[in-house]
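**Q** Listed here are the chains, written in short residue letters.
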Amino acid sequence: MQRSRFFFWTVLLSSLGFAAVAGAVGTRRFVLDDGADFKGGDLEGVAVDAAGGVRAGLSLGSTPVSQASTIWSALSLKDGSLLLGTGNDGKIVKVVGGTSSVVAETKALAVTSLVEGFGGKVVVGTLPEGKLFTLTGDKLAPLATLKGAEHVWQVAFDARAGVAYAATGPEGKLFRITANGDAQVYFDAEEQQLMSVAVAPDGSVYVGASDKAKLYKVTGPGRASVVYDFERTEVRSIAIAPNGDVYAIANEIKPGSQVPQRQAKTPEGQPAGPNAATPPARGKGTLFRFSKDGKPDELLQDKDEHYTTLSLGEDGRPYVGTGAEGRVYTVDQSHNSVLVADVDERQVTALLLTGQKRVVAASDPAVVHPVKGVGGADAVWTSKVLDAGIRARFGRIEWESSGTLEFSTRSGNTNEPDESWSAWSKPFTGPTRIDSPPARYLQVRARFVKDPKATLNQLSIAFVTDNLRAVLTEVKVKGADDGSSEEAVRSSGGPIAKRSDTNLNLNWKIDNPDKDELRYRLRYRLVGSNTWYELTKPDERLTKESYVWDTSDLPEGRYRVQVSASDEISNPPELVTKDELESGVVIVDNTPPVVEGLKLNGRRLSAVALDGVGPIARVEVTVAGRDDWRPVGAQDGIFDEQREEFDFDVSSILPAGPALISVRAYDAAGNFVVRSLPLK
Amino acid sequence: MRLPTWLAVLVALGVLLPLPLGLRRAEAGSAITRSDVLPLEQVHRGMKGYGLTVFQGTKPERFDVEVIDVLKNFRPRQDLILIKTKHPRLEVAKVVAGMSGSPIYLNDKMVGAYAYGWTFGAEPVAGVTPIQNMLQDLVRPLPDKIDGWPLRVLPPGGKLASNELTLPRPSRGLGDPTRYDLREHASRVAAQRAVTQPSDTPLRPVATPLLVGGLTSGAVALAKDLLGPLGLEPLQAGGGGGTEPGAPQRYEDGGAIGVQLIRGDMSAMGLGTVTRVEGDRLVAFGHPMMESGVTALPTAIGKVLWFLASDMRSFKIGMPVRDVGALVNDRQASIVVSHGAKAPVVPVSMRIRGVPGLPNANWNFQIAHEKFMTPSFVAVALGSALQAIANERQDISWTAVSKLSVKDYGTLSLEDFGVAVGGTPEPGEFSRSNLVRAVGAIMNNPWKPAFIEGVSMDIELRYSREILRLRGAESLAPEVDAGQPAKLRLTFQPFSGPEVTRVISVPIPAHLAGQTLTLEITPGYSEEPEAAPPDTLEAMIKNLETQTYPPKSVVVSFSTGSPAVSFRGLVAKNLPPSALDALRPTTSSVGPDAFQSNARLVVPLSEFMVGRDKVSVKVRPVLR
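The listed protein sequences derive, respectively, from chains A and B.
Numbered per my numbering, the first sequence finishes at 680, counting up by one with no gaps.
Numbered per my numbering, the second sequence finishes at 624, counting up by one with no gaps.
No lab work stands behind these hints: they were computed from the structure.
Check each hint, because a few of them may be wrong.
Calculated lysine-lysine pairs in the BS3-like style (CA-CA distance at most 27 Å, straight line) [claimed, not checked]: (1) K448(B) <-> K147(A); (2) K107(A) <-> K448(B); (3) K578(A) <-> K515(A).
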């Protein structure tokens, strides 16, 4: 779910006249105007299209299926009842008039597929152990055990040929099964799994593979061609339209950390107990349409969720169910997608959207949602929880809609609505000032009771938060040895970082709880003086948390910088708050040190290094022309003063013949000087 | 006065005074009076009286006693009467294990049971458990059922049909019973007992003498390991016994009583003395046997052969002469035995093959059906039989195929094996055998009561060292084409003779192209097939039958990189990630257990493999 766009309407809004309404300086707005903004809350009988329209959607009932945790497959029977293939106990559940009951138990882990075939029987696919059954009434009979298969992922029935096809794993085999249970391998893919299968009107069979998401077209025993390689991990489902168009959903799901190595067990095994919670998978899904000639067209993609099921509706459109947020989307040929249902369960795992019995079957937990119709007076759109960041007073709510909608709001200080929240406000049908109490969070709902065909296109809510003082927490000067580096003790040795110019980079951090825009002012003083000098110009509007300080025209010395933060831009004068913080000592030193008295006494080199501002930081020596600088120690053992003497035996670096000895001295600001001395 | 270390000594005896069942129930928990019982308040220093115990044979005889004093609150709500005993044999033997329970009379009224004594005591001084405490145990009501099985004890004089079984009490503090380990079980039961026993005091009870017969020394040592911490001390001093024609038909006060933990070609009996018989029930010992509460262990009328005097601890040598009744309650002050109850036992038969000229190839015995005793004595018996037969210096390889019959669950077959280098298998290793673990796991399962109907073992011995030591493994090609098998050459070193090599082909799935696989080579007996965690007794029994791959095999395994799940007895391997996600709901913790799939190749061998190795193989993608 994406966060709603969060607009800062400050001075602009003041100029538009909002100040008189809601103390407009600092006023911001929640603006919901596209599909992502309108998703994430609760959708009952409404649909959200990608362009941001909220309109009548699927109106769903709810029948919990207590006998299962997962619904893998669904089949509508002629008598109006619904059969569900479920897990994790391999039961076949029948739903009649809002009541579910178990009609057969396969003793498998999951009934992955239910399809009508072989003269009114229901062909049942299961996993593991690769077993197929037929169900006649409530009589379950074994049909075949597929050799070389452990998982039957999907079964399709070819009514013309009177055979069933089973897509299986883990050896990637497609089986062709006759009515008497004879099973032959029809196609053997290189991939581990064949997860989906569908029979086209011309008798060709389409199968989708995993772990490489390839869509195959099988035209005869062993004769297959790749229609498309999705470059993902699985082709989860295939649907074929009467005109021969092939729809397929493919996903990218990586085996994550949820697959642990099995721990050593005792021969008897640990008794089964509660499972540790594991994070649910969240992949990426895509929906493609392939024309009869195989031309691909990507209709829909989701980077946040994978797709779990695909079905064609009576309107000819493809509908997909998602695997992380329990949503149902559809899309037209122009790629306009619409979120038509959003159920409470995690996954939508089967869709039946044609015929008399239309359902959305969801899993985790298992619930069947009969489609009662489209829209209706009961349709309600409830926004996601809108977060103002801190406590806020809410102002005017406005919207754009094509019909009359009835709005209500509620507010609270927990990120999920609970008993501490206010009750829903009295409904209103026109723009008004929200009377929900001040709080951090707000929710809005719109009922379609006045006009079931209404469309909501845009919604905005003004709010102003409490003005909280921003607090400066750190001022850093980069490029100066002010002791504010993250490392308390720097590594010894190595060259001193050079500064290329006289600019110092000032940075500061601020804790700004109400996130209003801040203005910063900077000034400086010499250490030991109480006189402050302005660094920023009076009319300079500095709103960034950084500043480049040109010190070229400053006298060298030790300085401190003060940063002052004010929210005067966002608040009227009587509400303005300020905070100030000083930096550590900043050394402004733009001239290098000098080396005096450089001389050689035998093999010993001696001199004095002097700097006007800071301490001498380092002295090095080399033979001119080489880049092999060797450090020289201070005579008193430590470089910590503006004047340092040094005396060094150069025997170890001297070449055999004449040479030029170079000495380089650094000050703490990184300025350096090089002096040389010939050695005869 | 600093008391020397107390040692409890077993005793037993009894007096008959039938009371209506209803009255007994009404008395529970209140002061119990009998006209022939002397209240403790009337006992004082210097009183003289007598006791009854069996010195030899089955008939109780008198010995004189004199009260030293009464030790108040020796155990929770239980005093102890200190007495000095006077009898020529007791002057020598001092305190005698096996006398526990001997009734003590003052003023011709019963006052309690001889129950405690000192180790290395220089005087024949003992502690007497007041009879009132024992009578409270005697009248204590028993539950109708234990572990769901009817506990039909104490019919007033009636006899139970042979198929009416009583069951032992639930295991205490066993933790996770399906992870069955006999020694862990022993230590838990011992720790539980230690909580209820006096500690850091000289008044600590000692072991009940467990007179064992027909067991090897090694098996006795194993029994000591397992049972010693429970207060039972196995002594190789008993015999199998059996019914003697002239043996008494019923227990009597002061008579010898044995609690039979195993009987038949092997025997183990805790010996003590009956204190008091009242109708169908009696109390004995004057202290607990294992303080296991309501239970059902077979009992027998005992015969004393001799008082064995010892400076450390004297004890009676005895044996059972007639099986009568069952121990039904094991409490702080006594054990309670019912004449009419019949305790369940597990018939065990062993057939031993492969030993030329073996006079007794078949062993038959019965083990008490109890959650700890049954697996313990299965281990002891199996170890004893093998040690007795194979007691020599040759290398021995053995295989035991056991049939374990579980009521309502049929018979499961289990295989154990071993190679004893230098002869004589160590009995201790049988506590870890598949059979013992299965018996313990089934009896202590967390789902429902389980009854072991019988065990039969077919043991085959071979005088050879059937070991193939894995010398090493090599891949004949470090890279293989995806979908083609990897060929491995395994080199084995047999006990005698030259090295042998074996080339095996390991199928490599095509989808592993581009990966480098680590093939692990392990003995079949150390590799466990994937199985679902059991959630029923039936599922656990199924798992028990496939604990490992065949012992004489080598297993080559590698990770396929795909997830697998197991649930309700099913294992689904090589799943795509989306299926794993669908199979594991987030809204319920009742779901499949997920793990990584392994591919395995099992290759039979002629002998047991020792050692393990790894080989890496790179799987080359094939472009077609």
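**Q** Indicate, hint by hint, whether the structure satisfies it.
**A** Against the structure, the hints:
1. K448(B) <-> K147(A): violated, 37 Å
2. K107(A) <-> K448(B): holds, 22 Å
3. K578(A) <-> K515(A): holds, 14 Å
Violated hints amount to a single one, hint 1; each of the other numbered hints is respected by the structure.
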